[in-house]
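Student: Heads up: the protein sequence lines correspond to chains A and B, in order. Residue 7 is where the first sequence starts when you use this note's numbering, and the numbers rise one by one after that. Residue 7 is where the second sequence starts when you use this note's numbering, and the numbers rise one by one after that.
Misleading hints may appear alongside valid ones.
Since the list can't tell identical chains apart, any single copy or any two copies may satisfy a pair.
What the hints assert, rightly or not - The calculated lysine to any residue pairs, modelled on SDA-like cross-linking and capped at a C-alpha distance of 20 Å, are: (1) K360 / D371; (2) K185 / D249; (3) K186 / P293; (4) K127 / D371; (5) K360 / N194; (6) K152 / Q179; (7) K298 / Q179; (8) K298 / N194; (9) K186 / D249; (10) K217 / L98; (11) K66 / K78; (12) K185 / P293; (13) K460 / I472; (14) K186 / G295; (15) K270 / R225; (16) K132 / L258; (17) K185 / G295.
Hints in this document: simulated from the structure, not taken from any laboratory. What you are looking at is a predicted structure, and each value in this text was computed from that prediction instead of being measured.
Number of protein chains: 2
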Amino acid sequence: MHKQQNILIIGAGLCGSLLALRLGQRGYNVTVMEMRPDLRKVDISAGRSINLAFSDRGIKAIKLVGLEELVKPLCIPMNGRMLHDLEGNTMLAPYSGREHEYINSISRGQLNALLLDEAEKHENVKIHFNQKCKSVDFENTTALFKDYITSAEFVEDADAIFATDGAGSAMRQSYYLGKKFLFSFSQNYLTHGYKELSILPAENGGYKTYKNALHIWGREAFMLIALPNLDGSFTVTLFLSFDEGEYNFNNLTTKERVLEFFSKNFKDALELMPNLVDDFFENPTSPLGTVKCSPWHYKGNTLLMGDAAHAIVPFYGQGMNASFEDVTEFDKVLDQGHPDWETIFEVYEKSRKKDTDAIADLAIDNFHEMKGHVNHANFREKRSLEMAFEKTFPNDYSSKYSLVTFNENIGYREAMLRGRAQDKAILNMLADGDISSVNDMTNETLKNTLEKVKTATEAILEDDQIAGLKK
Amino acid sequence: MHKQQNILIIGAGLCGSLLALRLGQRGYNVTVMEMRPDLRKVDISAGRSINLAFSDRGIKAIKLVGLEELVKPLCIPMNGRMLHDLEGNTMLAPYSGREHEYINSISRGQLNALLLDEAEKHENVKIHFNQKCKSVDFENTTALFKDYITSAEFVEDADAIFATDGAGSAMRQSYYLGKKFLFSFSQNYLTHGYKELSILPAENGGYKTYKNALHIWGREAFMLIALPNLDGSFTVTLFLSFDEGEYNFNNLTTKERVLEFFSKNFKDALELMPNLVDDFFENPTSPLGTVKCSPWHYKGNTLLMGDAAHAIVPFYGQGMNASFEDVTEFDKVLDQGHPDWETIFEVYEKSRKKDTDAIADLAIDNFHEMKGHVNHANFREKRSLEMAFEKTFPNDYSSKYSLVTFNENIGYREAMLRGRAQDKAILNMLADGDISSVNDMTNETLKNTLEKVKTATEAILEDDQIAGLKK
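Next up, chain A with everything else stripped away, as it sits in the complex (with noise of 0.2 Å):
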């Protein structure tokens, strides 16, 4: 019944471009309206590059839509984190025990081109640039454009409207000030910001530094990243308190004093980056912010998707993948068949939330993790021990990493709820020398071991349970 039907998708991000794309794989007649430029078009060759981890979530849609393989030589595989202290000492520690599971770096600026292509290649989806959505009227399904170009205001309607415009969506805006429903809503920020470096390409085209990892240098306080590009640059990412402590975004104002900061804390990094200090006057200071909402849809009229309807702070590598993952989830709903889009909105909203809301507060712990839970010995040694059990007993056992990476299959909330569990069952019994050093260990032992885990994880489900008196 919905064929022919008349979608609009405000934004052509990789959320908009990949749900154009599967919906015009569907057969509706799709528009979709983009703010910025077509960044086809654009020359970036003179801007940062901007990457992002990708993985197994991420996967399974691109599998969707049937672009796996033209994918494929975007990515470059990170096994694990190397972590950087503060003498310039490298250790890498996996992702995981299996040597299957890893993520990728991927470039957003060609993959979002790789997914406009193929979308535009289905007659009945158009693309339109320079189209900045200023409001949507959710009662009639309309929403008010302003042309970049032209200057021009218009009203366009569909039968119904996605927007996959980004944590700061106009539809979102339009839900919160209309007031005509209850909308419940939050923006939370972290006491941190982020700013983009980066290292340039070896003299000879290669890697300065060690390519197929993600790179940290977690010092409690504040944290630098690197993930690597095609092209052999890295892009780096420092995350510091606006703010707080000796240095901050809001007194690094003079060169002496970046190079300073850089050289106490990242020599080996500063090292590598001869163009830090242009790179951190000209590249902006930006606010990390958590998004939720509900309800996402009004009736069946509109619905948002992506960043638009739960915008996450990136220390889960899993801002992307969890986007994707919309487009994958809704794919599923439509596929079973209901009379109407608001029943679908209802379902796809219904089950979807719970795995949103959960990913966001992971990506919120793991900002505590990479910073300072990295060097602290109890955690090495759980990360140790969980390395040993993936590898030793690879069906038995996944880390919580491992089951929000690598297991495209079970929602984000049960990855979260068990994951926490094991983390706390290992890390307690750890605290009460319970578990030997994994190094001591033998085959036996380290099954043993993975039983008591195991008997440990689910009596504190259990309690769990029982303590909020679930049913």
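Assemble the complex: chain A is given as a structure, and chain B must be docked to it using the hints.
Tutor: Just chain B now, kept in the frame of chain A:
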């Protein structure tokens, strides 16, 4: 240094009038602007009588301003929850095993009038009514008002502005819309709304049901409560989903359906409410929302207090108490002699926000407890055990409810963490059969059980701390 400073308070509700009184007592020049007419001059005898739960944290603030003796005659002690089952059987579940621990029902209007009278006794305090705040310019410390009588708009300036203008605060909206700083903000609505009803006084002017209790008709999916008024009436509140379940606010649209719903679910209450149908269709249905935000202050210019900073749902009876406690805590910070408003506001928010966040979460927990858990066997057994602990060893145990309600010298957050751990300990011991029924216990067994609960509680708190890797 702050004497003779000009303070502008927006809102003369409970928090604003108490704050005006306290700042007046401290010698500041205080101007209060209130949107509504002066409630002391409006005839409210025909209107609804709204009452509130008033307990130790609120009493502490009233003592601070020296009004304890004037407030006492307005209070009706409620010693416990009177639970009404489907058949109309009742059971009194005390709030504490210690006799001197009880909560009070108090008229919002009478208490507010008293605070306004006392504030106005200070020459340096001026209160203006019918003055609606439209927005606040927090950078210039001015506020825009509309006079509801003359329709004139005008700007007021001050050395510092305090917004105590409730859950829909105009100043908080100015923070949000101004986008001049990173403003973390959430509004979260429950699926349920509420409607106020009433049990009128008996013919002889007495009470139609037991006076000294908070009556609860908990029915899992919805609930009715009643609190006594001085005139022999009870204010009754129905909490019900807007659109879920067989009966909800959206489908209770006829006299017949309302009567059917009440006779099926609240038979004994219906017998006391011949006026039910009129009340039901005359009174509005209102939403139940939680508001959190941060920062509360902008530099040393402006500060949000009370519901404007932290609106909570009513299920812990702590809304007014939390707002009054704001004034106590703010007064404590004033005593510390900080050099400027910015420092005062920062110190206040830093110490206070964790506690108002906690009571917001506790209030939502209690929504579920009051609707349903009070009827669960293990929940009732837990409460019996806690009553026995508090009665027999009054210095050795306080339940979560007691910690929150009767222990005004510990913060809400500490009460929440300890209270939740105790609940978890007891519920799990009951589920595991580690505790026999309290009725069969000798004093020695009771003492041993208390020690077991304390040990288990400490273990839970420690396990959580280790899992959080807190230092």
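Student: Next step is simple, just say for each hint if it's right about the structure.
Tutor: Hints versus structure:
no., hint, result
1, K360 / D371, "both (17 Å within a copy, 18 Å between copies)"
2, K185 / D249, "between (35 Å within a copy, 18 Å between copies)"
3, K186 / P293, "between (30 Å within a copy, 13 Å between copies)"
4, K127 / D371, "neither (41 Å within a copy, 52 Å between copies)"
5, K360 / N194, "both (18 Å within a copy, 15 Å between copies)"
6, K152 / Q179, "within (16 Å within a copy, 26 Å between copies)"
7, K298 / Q179, "both (13 Å within a copy, 18 Å between copies)"
8, K298 / N194, "both (9 Å within a copy, 10 Å between copies)"
9, K186 / D249, "between (38 Å within a copy, 16 Å between copies)"
10, K217 / L98, "within (12 Å within a copy, 69 Å between copies)"
11, K66 / K78, "within (13 Å within a copy, 66 Å between copies)"
12, K185 / P293, "between (27 Å within a copy, 12 Å between copies)"
13, K460 / I472, "both (18 Å within a copy, 18 Å between copies)"
14, K186 / G295, "between (26 Å within a copy, 15 Å between copies)"
15, K270 / R225, "within (11 Å within a copy, 62 Å between copies)"
16, K132 / L258, "neither (46 Å within a copy, 46 Å between copies)"
17, K185 / G295, "between (23 Å within a copy, 14 Å between copies)"
Violated hints, listed in ascending order, are 4 and 16; each of the other numbered hints is respected by the structure.
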